[in-house]
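Chemist: These are the residues of each chain, in order.
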Amino acid sequence: MKKRLLSVLLVGTVAMSLVACGGGGKKADSGDSGSSADSNKLTVWAWDQTFNIKSMQMAADEYAKDHEGFEVEIIETGSDDCQTKLTTCANAGDYSTMPDIVLMQDNSYQKYLKSYPDAFTDLSDMDVTWEDFGELKQAYSMLDGKHYGVPFDNGAVIACYRTDILAEAGYTIDDLTDITWSRFMEIGQDVHEKTGKYLLMNQATDGDLMMMMIQSCGANLVDEDGNAFIVGNEVVEKCVDLYAEMIEKDVVKLINNWDEYVQTITTGQTAGVINGNWITATLMSTEDQKGLWEITTMPKVDGIDTATNYANNGGSSWYITSNCKNKELAMDFLASTFGSSTEFYDSILPETGAISCYLPAGESEVYNEPNEFFNNQPIFSTIVEYSSHIPEFTSTPYHYESRECINTAVGNIVDGADKDAALKEAQKTLEFKMTE
Amino acid sequence: MISKKKGMSLVAKQRAAGWAFLAPATILIAIMSFYPMIRAFILSLQTGTGANMKIVGFSNYARILSDKVFQQSIINTFLYLIIQVPIMLILAILLAQLLNNKDLRLKGVFRTCVFLPCATSLVSYALIFRCLFAQDGLINNVLIKLHILNTGYNFLGNSTSAKIVIILALIWRWTGYNMVFYLAGLQNIEYSVYEAAKIDGANGWKTFWKITVPLLKPTIIMTFIMSINGTLQLFDESVNLTKGGPANSTITMSHYIYNTCFMNVPNFGYASAMAFIVFIMVAVLALINMKVGDTRD
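Protein chains in written order, with our numbering: chain A, 1 to 436; chain B, 437 to 733.
FYI, nobody ran anything at the bench for these hints, they're computed from the structure.
Be aware that a few hints might be false.
[Unchecked claim] Stretch by stretch, here's where chain A covers chain B in the computed footprint (C-beta under 8 Å, at least three residues):
{"#": "1", "region": "502-514"}
{"#": "2", "region": "568-576"}
{"#": "3", "region": "582-593"}
{"#": "4", "region": "669-680"}
{"#": "5", "region": "696-703"}
Just so you know, these numbers come straight off a predicted model, no measurement behind them.
The beta carbon of each residue, even a glycine, is placed where N, CA and C say it ideally should be.
Could you put together the complete structure from these sequences and hints?
Modeler: This is how it looks when you write it as structure tokens:
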């Protein structure tokens, strides 16, 4: 009897899960399968409910005011999942499962343009003044002079410091503004001696610090023709030296993953954070540190003519896929919201914290309001201003490969490997990855 | 004559029934497993980024010879294999032996406890191990409280200790799983065999080596093959625990293959070639294992 009951239960469970799968499959048919045939509806992939999804929703509401019946269907797809899904449908040659509009990390886009040139729509004819987005931001989504993406959020790098920890060691935010990395190192050592805290931290395996340092000099790990350029690259060698020295001198704390990164901030073990300005959202989640943080420019690399105190890390743009059945509608929608409306950017800023790349937006009042968390600094307009100074560099589809190679090399150097040998190895690995 | 009118003979009927029963599984395996394998092999003969593929023959396989990262991942994976599998299987067999004791109380509870780790998802247990071994994680806190360490040790940031953490995690996750097979095998050994040995004066050590191990041989071989197969395809731990770091010192073959497809500029042809190399390794190791374990003359 007991056995019979058990088997009934088992069959029941299996049947239930089959039904559930079937249900899931059906849903995927109607919602998930990309571009919609409805002439007044666009499907979108984006990944953050409180940030880009919300901004997109607000844009759609705004646009619907003048265009009756217009709506967007936003499918929440994690940033990594977005890429995996795009790769899967593009590689299968089946574009029909793509949405109309997709949000993508700026660092990834060149890779898709290279791999799947037919998958995206050329937007050059769109009614947008491209110059208003700053040279660098446009470069991320351009190939052969054609525009493919409408810039969304800003990735300008900011340096955030805990003023209370700095004060404990006898420094102010001004001491850290527009400085060089060597000066940063002196202060960092001092701070570590006096307070036991680190002035900066970085993820060892996929940290962005090296890339930010290199790109702040307008350089990259590739030369102008896109070939691997590590050995003999003056900027790279200088950055590697600085980085290794900072770790040795307890200025930079190495951590292993993003959880630890956030934890180091929330537990107050670090006096500073240098990253794309989207990091402010993480900082602001630590209510007890309100008013203690201030932002300024990042340090610049010593002894390099092209060095600046500005770089970019992260940020994303909207792309229209070639699967979109209603390209004119999609273009008009993006152009009249993300592409040209300062009012729109003003409206999403307080709600989502999405800082625009659209330079005219930075002049508005909303952008100049002081921010309580950052000791009443007007951080939004400051960040937009920073983004206008970021030097351009040669972008490459092999961004992730370059980052991996340089992080592996510095990891080994910090571990005691010979610098020249490690860089040579990195050069070889990157060259290898660039061949087919 | 009558049977001819009816159609098939009895033998033919039985054959037809046999084929009818075999057909669904065979067709499913062919479509879901063999067909993709053949397609993957064809893909491995092509190269190119993304959708722009062209046929190049075996150059992807030649490319592997100059790929330092893949070679590193092979070394890492085999290191896990050589260290982790024997430790795990010995532990599993000892635990099975202990829990097979006739006089043990609460057997069910202990068996469940040992088997329980297998019920956890690969990703979540990897994340839990990551938290445990974080710089201010539980392990470090305990070591500091016991005055063994002064400050937290960066377990996942050092290439040797990161590998050890992965091996520990694997042992924790899979020992119970293998133990269950041994337990099942042990139940099939008649208790009278042990009694006879006892009467003949064999001690525990001798009974274990002369009776338990030989009679468990088929099970041991099976668990070996499964463990080799599983370890060579190791993925979740490398991705979630260490992200392959520091400096690729813990990256596994599958993790690198995944990176080649989805993190880097996609090169599915080359990734398929690497996947086939893994397939060949598993096949060869399994074959050796079966030959070594073959009891027939």
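Chemist: All hints are to be evaluated individually against the structure, with a verdict given for each.
Modeler: Taking the hints in turn, this is what the structure says about them:
1. A stretch counts as covered by a chain when three or more of its residues have a beta carbon under 8 Å from one of that chain; for the region 502-514 of chain B and chain A the count is 4, and the coverage holds.
2. Evaluation of the coverage hint for the region 568-576 of chain B: fulfilled, as 3 residues show C-beta separations to chain A shorter than 8 Å, against a requirement of three.
3. Three residues within the 8 Å Cβ limit are the bar, and the region 582-593 of chain B against chain A gives 3, so the coverage statement holds.
4. Counting residues of the region 669-680 of chain B whose CB lies closer than 8 Å to any CB of chain A gives 3, so the stated coverage by that chain holds, three being the minimum.
5. Given a C-beta distance limit of less than 8 Å, the hint that chain A covers the region 696-703 of chain B holds, as 7 residues qualify and 3 suffice.
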